[in-house]
Structure formats: structure tokens, C-alpha cells
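Protein chains in written order, with our numbering: chain A, 9 to 437; chain B, 1059 to 1228.
Calculated from the structure, these hints are not laboratory results.
Built from N, CA and C at the ideal position, the CB exists for glycine as well.
Be careful, since some hints might not be right.
Calculated pairs, DSS-like style, for lysine-lysine (alpha carbon to alpha carbon, straight line, at most 30 Å) [what the hints assert, rightly or not]:
hint, chain 1, residue 1, chain 2, residue 2
1, B, K1161, A, K130
2, B, K1161, A, K240
3, A, K180, B, K1082
4, A, K173, B, K1082
5, A, K244, B, K1161
6, A, K180, B, K1161
7, B, K1199, A, K147
One side only, chain B facing chain A, incomplete, derived with CB under 7 Å [unchecked claim]:
hint, residue
8, T1069
9, C1071
10, E1072
11, Q1101
12, F1137
13, I1150
14, W1153
15, I1154
16, P1169
17, R1174
Cβ-to-Cβ under 8 Å is the rule here; a few derived chain B residues that face chain A [as the list claims (entries may be wrong)]:
hint, residue
18, L1076
19, Q1077
20, L1079
21, S1080
22, K1082
23, V1120
24, P1151
25, E1157
26, P1160
27, P1192
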Amino acid sequence: MLPEYITKIEGHGVLNIHFKECRARLEVTEGERLFEAVLLGQDVSRAPFITSRICGVCPTAHNLASDRAIENGLNIQVDETIMDLRKLLLSGQIIFSHLLHLFFLVLPDYYQVPSALDIAEKFPAEYHLALNLKRLSDKLLTTIGGRPIHPTTTMIGGFLKLPDKGELITLKDDIEDVLDEAQDLIKIFQNISYPQIQRPSEYLILSGKDYAVLGETVLSSSKDQFSVQDYKSEIKEEIKPYSTAKFGRRRNRTINVGALPRMAMMKDRLNPRAKALAENFNPQPSTHNPFDNIKAQALEIMHFLEEGSSVIDKLLNAKLPQTPTKITLPKPAKPVWAIGAIEAPRGTLYHAYEIDTHGKIINCDIVTPTVQNLTSLEEDAETLLRELQLDQKEPKICIKELEMLIRAYDPCTLNVFSEIPTLNYTPGV
Amino acid sequence: MIPRIAIFDLTDCEGCELQFLSLKEKLLDFIEDLEIANWRLLQPGENQLPEIDVAIIQGTVVTSADQELVQKVRHQAKFLVAIGECARTGWIPSWIKKEARPKALAYVYGPNYQPRAIDALPVKAIVKVDLEIPGCPPDLKTLEGFLNDIPNLKTENSFKKIEIGTENRK
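Could you build the full structure based on these sequences and the hints that come with them?
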């Protein structure tokens, strides 16, 4: 027998359901890789290389969050052009991750086929569409970041290598070429009928002057905000009596981060084509439906394609910086916490390192989007069990629906390390 | 008979198997001539592992489940490939030595945590590996060259060894 992992999610998890009590238990069975411990004693400049390897789907997000944390902690100024290049790179990262999730992991559920490879056979036009968008996201990540998985060009304070303007013009043309196909892909996900469940939650996103991927303030749907530097006191990890694991919450409320919160709170700042496509899509935290995350991710593909194109326009009018960026990391006079965040595809990602006077990491904390979403995922699974009266259906159908919910969340169990080894409910059957 | 392959991920970032997807249309061409018996990331799981012509394993052997899986796969596979630095060397998780793991586990998960991990080892520490493909992640040309070689098993009854860094990087 092979272990019965939930398939088509990133990482390894096992789902246990207690039908009579409407309880579900998602056990994350990923082995401990101990990244936070690996970082201890390392020179802080090595952190972006190491943390990229946390996740092969969002390596660039971890890498840039790591850069940002160190820059904040050591007071390293980063000029606007560098930030624009990072914005472009993150746009590519978000498209890359959303596309993988939507097309390769989610769509087979709704097309009633076992895998995306079957979509290739039965829906060749759709598959072709997805591959063209994948080609674009791979190219964007390669042009700016060196390669799609584990970037090679990024560094603290700047870049090791940058494309010339000719390559940026070609990239922009390539983006413009796929916009119509992206629209077709989005419509596929808009036309699917999803389970309708509702429950109030709190949405958190990084705030900036636009539909932000970079920023230093976190905006809440509860009309307040906090500094990224205060993440530890704002996002609480709760201990449950039946588990040594902790669960992310804010002031006793469940929180959600990611495409759905970004879309709900920043819809008026979407780029034009994405905004037009989002006309009839008005998700609200008070009636949070996790399946809306699928539509939000689809719309974000268009938004971030347009974003890429407009950032390139801006870069073409700017003087691109010399590479490699010349920088010497200062050694702090006394130990400091270096804290930074970015919007990863799945939501706000915090990296924090305590750096000693020799520039070594002496403490480390990484709070991933999946960890923040876990409490919500748990409550949504119960809501789904109750509202759809799954307990009266065939177990096989229930498991399928719950798996669809888990996939809608796009969890990355690879990222569920920091003190959150399992998502526990009362023991299932 | 078309070759039956299977892809397994142990404890890792999944970047190596995502590289296969970056082959795009070429991956589809390869898949037409192959049967995929197991690929957890993309398709529903099978309870039983059939006989496999070529097993592709990525990731570090960290848990006892990883170790058992590697042993089962070796038993069922005619040819076993360790792909990427984690499978090949143990990579980043192996930077923490076995004797240092209890302290590291307590740091990350707290004092009362029951670990799943036994150690962090390359695949070859558990079973015989027939081919190693390096890289974090391996480059696309190397993967393409490797996939190209799979059907040769039937005709030549053996694999052409992939010369990393020579003909596949043309």
C-alpha cells in the first residue's frame, strides 16, 4: 500500500473525516526540513538563497521576502527602479503559481478528469492556452530572475544581473500577445459553478498606493492596519487543547490572506482589463466563500500581466541600475530583528531574522500565508460539511468535496512548518 | 509495451517535478509514449504500486514513510533515478546532522513535539540508485535528454548513460 496522501496539492497531507460530528482533520505529514534551524548560525546574506528552497512553487516570493527583511533590519536603502524590477518579478511569480494551481491542480476537479494531463487529451484548446501562459510566466521569471525555480539574479539591495532594455521590450510584446488568451482562461474559471458556502472572516493584505505586492503596512478588512514590524503581536498563534500545533488568528478572529482578500479589498485598483472582467465579482469578508479564491486567482492572472506590461513601460523610461549592485552589509552594533513582508501568490509572507553583531542569524521566524489561512480552512471545512449535509452523502462524494475545498485554498503544506505541524480536529473515523 | 514510469516526491520543495511541467508541449510528447503509474502532484493516487520500468525520485529521505516508500519503489522498479540535489545528496535538510536534530526540532516545533523525521539522507543511503541527475533544480535540457532516453530501455535493454554537461547542453 502507498500512503493515501491528498493528491494534487503541494506537499503531503492526509484528510480524516468524522462524518457524524461534521469534523474534518487535515494532517500535514510533510517531514520536518527544519529550515528555521538550518538558518541559525548562518551569515544573514545566505538567507535568501536558503529560504528560496522552502517552496518550488513560490521560491521567488520567499527569496524577495528574505531580501526585504534584511534590508529593513540593516537599514539598506533600495532605489525605486529596483523595487519596480521586484514588482515585475513578483508579478511573474504570482502568475506562475496561480496558473499551476488553477490549471494543473484545480481544473481537473471541475472537468471531471483525473489529471491535467487528461485535459491535454480531452480539452486540447484549453491546454494550449494554459501552456502559452506558462511559457510567458517562465519567460518573465527567467528574464528578470534568471530562472523560474530558485532565482539566480536577485540579491540584498538590488540585482546581480539585469536584462537590457531590448529584452524588456521583447518581454512586453510577449505579455501583450497572451492577454486575449488570458481572458479566455479567466472565463473558463468564471463559468464554473462552485459550491456556495458562507462565513465571516477577516481579510489581511499588504497595503501600498496600488494593488500592492510590496509594502510595509498590513491593511485589515476590519478597517484598521498595522506595521509589518508588529506582525508578531498582531497575528497570534493559538494553542488548541487536543494538539501541540498552533493556529493563526487575529484578535480571536479567523483570518484569510491571498488572492481573494487582495481582490475583495483592492478591486478598484485593478488594472483595466482585469477590472472589466471583475465587474460582477464582489467578494466580501462578511460572506467569505473560500471557493471565490479560484475566481480571484484567475482575475489576478490578468491583473499581473497588465501590471508587468506597465512596469516595463516605466522601466523603459528609467535608467536601469548597474549590476551587480555594490553593497556591503553593515554589522549591527547590537543584535537586531530584521523583519520584512511581501505579497506571495498565496498571501502575505513574513520573514524575520535576529542578526547578531557578527552578521549571523541567531533567531528566525517565517510566517507563511498557508499558516495564516489554516484556521479558516478548518472552519470552512466544517461549514461545508454542515451546509452541504455531506454527512448524508456517500463518503466518497464528501471526500471529493472536501478535497475541492482544500484545493480551492491552494494550501502549500511544504510551507506549514513554523510550529504548525498538523491541522488537528477531534480524531476522525 | 510502452515504458511505465512513476514520479515520487519525498520531503522537498517540489521544484524538480515542476521542472517537468516547464517542458510544456515536449512533456506531452513524451507522455504519449509513456505510461505514468504515479505522480501525486498531478494525478489521483493508486493504492498499489505496479512494476515500474523507470522510477524517478526527488526529495530528501526524512521520514520513515519516505524510507519505506524508497524501499518499495526500489523493489518494484527496474531502473531508479534520483533527481535533484535533495535526492542526490540530501541537500539543505541534511545540513543538520542527526545528533543535532533533537535541538533543532525543539527550536522549530517546541519541546513537546513528536518528530516525524528520522534523519535527512540521500536516496542512495537507503537503496541502490541507477542514475543521478544533479541540479537545484536540474536544467531543462538535462531532463529532456533523460526523458528521451527512457524508451531506449525496450530496444537496447539498457539505458544510455546521460553525460551531464556535455551532449545535453548543446
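Status of the hints after comparison with the structure:
no., hint, in the structure
1, K1161(B) with K130(A), "violated, 52 Å"
2, K1161(B) with K240(A), "holds, 23 Å"
3, K180(A) with K1082(B), "holds, 21 Å"
4, K173(A) with K1082(B), "holds, 27 Å"
5, K244(A) with K1161(B), "holds, 24 Å"
6, K180(A) with K1161(B), "violated, 50 Å"
7, K1199(B) with K147(A), "holds, 16 Å"
8, T1069, "holds, 4 Å"
9, C1071, "holds, 4 Å"
10, E1072, "holds, 4 Å"
11, Q1101, "holds, 4 Å"
12, F1137, "violated, 19 Å"
13, I1150, "holds, 5 Å"
14, W1153, "holds, 5 Å"
15, I1154, "holds, 6 Å"
16, P1169, "violated, 9 Å"
17, R1174, "holds, 5 Å"
18, L1076, "holds, 5 Å"
19, Q1077, "holds, 6 Å"
20, L1079, "holds, 7 Å"
21, S1080, "holds, 6 Å"
22, K1082, "holds, 5 Å"
23, V1120, "holds, 3 Å"
24, P1151, "holds, 5 Å"
25, E1157, "violated, 13 Å"
26, P1160, "violated, 11 Å"
27, P1192, "violated, 14 Å"
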